[in-house]
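K.L.:
All chains should be modelled from the sequences, with the hints used to inform the complete structure.
Going by the working numbering, the first residue of the first sequence is number 85, and it counts up by one from there.
The set of hints was computed from the structure by calculation and includes no laboratory data. Predicted, not measured: the structure shown is a model, and the values here were computed from it.
Pairwise CB distance ranges, derived in the manner of DEER restraints:
1) G192 <-> A159: 17 to 25 Å
2) E258 <-> Q174: 33 to 41 Å
3) G221 <-> E106: 18 to 26 Å
4) A279 <-> A159: 30 to 38 Å
5) R101 <-> G192: 37 to 45 Å
6) A153 <-> N236: 38 to 46 Å
7) T229 <-> N138: 18 to 26 Å
8) K298 <-> H190: 43 to 51 Å
9) D134 <-> E106: 18 to 26 Å
10) I278 <-> K117: 26 to 34 Å
11) P259 <-> Q139: 31 to 39 Å
12) K105 <-> E158: 46 to 54 Å
13) G221 <-> E87: 26 to 34 Å
14) Q139 <-> G221: 22 to 30 Å
A virtual CB, placed ideally from N, CA and C, is assigned to each residue, including glycine.
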Amino acid sequence: MRESRKKRQERAAEVVRRLAKEWPDARCSLHYKTPHQLLVATILSAQCTDERVNQVCKPLFRKYRSPRAFASVEAPELAVDIHSCGYHNQKARSIVGMSRAVLELHGGQVPRTMEELVKLPGVGRKTANCILGEVFGVPSMVIDTHMIRIMNLLGFGKTRDAVKLERELMDLFEPAEWVRLTHRVIEHGRAVCIARRPACARCVLADLCPSAGKTA
DNA sequence: ATCCCGAGGG
DNA sequence: CCCTCTGGAT
85 MRESRKKRQE RAAEVVRRLA KEWPDARCSL HYKTPHQLLV ATILSAQCTD ERVNQVCKPL
145 FRKYRSPRAF ASVEAPELAV DIHSCGYHNQ KARSIVGMSR AVLELHGGQV PRTMEELVKL
205 PGVGRKTANC ILGEVFGVPS MVIDTHMIRI MNLLGFGKTR DAVKLERELM DLFEPAEWVR
265 LTHRVIEHGR AVCIARRPAC ARCVLADLCP SAGKTA
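P.N.:
So, in structure tokens, the structure goes:
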């Protein structure tokens, strides 16, 4: 017997309350001063800790002080500066290409719509949602591996497809909660509901989670 | 050895 | 759906 829509929404609301209590000040941990800097930092953050991204960005943003500066360098040179973040060749190409597109297509201003953001080289839905929610105040959810794993465990998503899952979750959670929920789920995923070894014993969602205890 | 707040391409 | 790109933490 399938859970009713109303029941599911009530369970979702309770998940929101509990995560809010456990991670009251979860937020974006990347350091940046401008939308373009957040774009750079977010591109660097793939498969890399935010702490390292911040370490790399500190000197990086002193060396390259504007979108134009990032657009003027050649990718192989930039790759050296971001080496420790991993995927450095691709990320360097993405950052240079993205910066050139922002300059040439958007007059140096980072665009404010998903449509335009995902056209930028190296910017996908995850990065775009991050920018929209963080600097432009547009309700958005970042569907990353944690979000996909946890929402599927909770029975709130029935797919690994990020676009489909985003639609399902946007229907289930209040828009005003999306950005905070994203950061809290990610924290929860790093600290408690860890991939392949979820700590259900100390999870505040265990009694709400159909998968609790069945995964370890 | 295995995993990570991804994106692009086949 | 699959694969590749990479360093670092555990």
